[in-house]
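Enquirer: Given next are the chains, with one letter for each unit.
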Amino acid sequence: MPVVLETVALEKHFGGIAAVAGVSLSIEKGARHALIGPNGAGKTTVINLLTGVLRPTAGRILLEGEDITSLDAYKRVQRGLARTFQINQLFLDLTPLETVGLAISERLGSGAQWWRLVGSNPHVVEEIVEILGRFHLTDVMHERTGNLPYGKQRLLEIALAIACRPRVLLLDEPAAGVPEDERHEILATVAALPADVTVLLIEHDMDIVFSFADRISVLVNGALFVDGPPAEVARDPRVKAVYLGESLDA
Amino acid sequence: MLTILFDGIAYGMLLFVLACGLSVTLGLMNFVNLAHGAFAMAGGYITLVLVNRAGLPFFAGLAVAFVVTAFIGALFERTLYVHVYGKSPLDQVLFTIGLVFMAVAAVDYVMGSQQVFIQIPSALQGRFEIFGVGVGRYRLLIIAVCGILTLALQLILSSSRFGSRLRASVDDARVARGLGINVNAVFSLTFAVGSGLAGLGGALGAEILGLDPTFPLKYMVYFLIVVTVGGTSSITGPFAASLLIGIADVAGKYYVPKFGAFVIYTIMIIVLILRPQGLFARAAGK
Amino acid sequence: MPPALVGKVAHRLATRARWRLLEYAFWLAALASFFLLPNRHLILTEIAWLALFALSLDLILGYAGIISLGHAAFFGLGSYLAALLAKHGIVNEPVLALVLSGLCAAVLGFATSFLVLRGSDLTRLMVTLGVALIMREIANQIPDITGGADGLQGVVIAPILGLFQFDIFGHVAYAYCLIVLFILFLLARRVVYSPFGLSLRAVKGNPLRAASIGISVNARLVTIYTFAAFYAGIAGALLAQTTAFASLDVFSFERSADLLLVLIIGGTGYLYGGLIGAVIFKLMQDWIANLTPQYWQFWIGLVLVLIVLIGRDRIALRTGGVRLLAERITRRFAPAAAPVAVPPGEGS
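As they're listed, the protein sequences go chains L, Y and G. When we follow this note's numbering, the leftmost residue of the first sequence carries the number 1, and every step to the right adds one. When we follow this note's numbering, the leftmost residue of the second sequence carries the number 1, and every step to the right adds one. When we follow this note's numbering, the leftmost residue of the third sequence carries the number 1, and every step to the right adds one.
Possibly wrong hints are sitting among the right ones.
Listed below are several chain L residues computed to face chain G (Cβ distance under 8 Å; list not exhaustive) [said to hold, decoys possible]:
id	residue
1	ALA73
2	GLN89
3	LEU92
4	GLU98
5	TRP115
6	LEU117
7	CYS164
8	LYS240
Read the hints as simulated data drawn from the structure, not as lab findings. Each residue gets a CB set at the ideal place from its N, CA and C atoms; glycine is no exception.
The whole structure should be built from the sequences, with the hints applied where relevant.
Expert: Structure follows, in structure tokens:
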């Protein structure tokens, strides 16, 4: 399988501390790739570098072979790289309907149109309805996002990334904060993604990771520690040490 | 040439005494106090009344100006400002602009709208020459007073218990609270002293800045520039910024009178764009 | 997916932009004021251009979240340009001069918009304030052109479209300002209810996420800032044309600060805030000025302080309640109007 997203010796320093130290990661097309590691290992920083929220101190990022290291965040989205956030980042004053509509119009290049009224494009409306239905948001689509229960907000968080119709999707702990019995709803939507969409998942819950991923990278102290298929990673004594060590500390 | 430098330094040091309180309130509580100049004006008018009408000695007038303005500052802080800390910058701006408007109109009502002058002792008037440099006696006094105040402030901040609490609070109010520092009390006291210093500066500076009811509006920009250029993480930043702006302003007005005012506005905008944290601020850790 | 639902959603989206009964009432009242209050046309003229100016600020503050303490920069530029165009006979026809002045203000807005892209609210406050101060200083330093501190005198405004001469009672002036306000309001309304307008609210609400769904945050901010500067320039030009005068105080800090008050009184983010605020502000100013001509600024200051202490949210909640009530009444009494998606006069 061809590599779709790649980092080359990626570094990010905050002050004197290296949060990400020389990470070279290759993600294959259609992969279900998980990025795991103890708290503070730099997982979210990697996502922020990949999506352009942060600029790397050194190293390169390649999306489908093209260097996007210094590309603005919104342009990366237009090239098919979308993400969700570990902590919900939503437009609290808008409704789910408007929120999803925004992402779709933006993808279709009509987001900057000022002469048409919102909702006048039937294709956009159809797609909004489809996505809201898929994420069980139809019943609350006219409500203010800020008033929705957390579980619904979490679904919208993911729906919004899907609405960008990404070729590469970065999921930062999609089930974070969601009660056990509501998780399956979110995980099912993730599992139902088309096979050609590449997914990079950050997750703490090892059950989720091992049931979902076909490849796992372990990040420790900002550096890539182990990288391989799940079975291999599970057997690796060093990984066990890291995780056992962490759970002993906690 | 050296005379201009001298005048610029005097002006700059005066600006520092006027603005340092603002810098601390901004750094400590993230509070935008556009009404800071109103305290300076209060100090000026208090001294004016005491010296010109009641015949108090000039220096006693300055001292009273400091104490009374500090008291007014503390009073306002406890009764009014305290309600506004948690609000958005827009609210803070609206609130303090409101205070400025009220202060301007109130002083106009009580004292009249004309420009006024505080009678300064004759010993402080005129200028003399040292090595060919014209030195205004009053400006020399300003430099002396402000210099002593600056040193005293620096000393208090760097070596007293209160100073270390203040620095901790400015660095990170949350952590400071966690360490058991009563940040609100630190802030109240700082606000009072900052207001008092502004009052003192207003009284001291009436001679060269002029004093009329529009004072807080006229000099608001200067204070803001000092704070923006100097940053809010220390007092050395605002001090350096004050000197820079004082000298630039005096020199600008002298050499290129047509563009004098542009110089400092332009400095402000450029600094804001290039170094939003302030020209002399440490590189932020975040 | 159920096609019925698609139709319903499309209809629901279309009704977002539908004209509410209260909106008709507002503009009917404005029209009526022209015929019913002929001897109040002078102050009504002032209300009209102030409303446009406040609408301009609402576009950036209420919809895009950009705080400005220097919106007078664009107002002032439009004002001086309109006065200069007329005085030197460069463009005599007022409507053309109005548009030209607005466009020049928009150019200034575009050029300075890059300064407000970065930084915190505080940085934006100071940068915008700085820009307005620099504009004022420029006007002050070229008295040959601007008349300096004395203001630009000897301006004669030609008849509008060559037909309607300004009169001393302000009849023509009010009609002119009201029409300009209405047209630009319609345009602003269109923009606000467009995908672009929606994306502005997203940018205001969460710029990080906005960029993460592909919105070019900076481009949107530059666009709306430029657009708002155009409106402010037009408002300033209206002032200059209706008074045949321009002076340094068009750039003053007080003007920018008063403008914030106007908008805050009326509320941000629903387009009518600036308009209602302008009415209340001018009436209040007029009333206070009659009581204590010299010290009205004190009372303006007091209003600002009280608004903040009571809390803008709490005040907005109350007016929001009024709005909700009004919408309910609208729905009950105008069921026939419901399917009308494109309001008359929107000119699309």
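Enquirer: Hint by hint, say whether it matches the structure.
Expert: Status of each hint after checking the structure:
no.: 1; hint: ALA73; result: holds (4 Å)
no.: 2; hint: GLN89; result: holds (4 Å)
no.: 3; hint: LEU92; result: holds (6 Å)
no.: 4; hint: GLU98; result: holds (6 Å)
no.: 5; hint: TRP115; result: holds (7 Å)
no.: 6; hint: LEU117; result: holds (5 Å)
no.: 7; hint: CYS164; result: holds (6 Å)
no.: 8; hint: LYS240; result: violated (35 Å)
Hint violations for this structure: number 8 only, all remaining hints satisfied.
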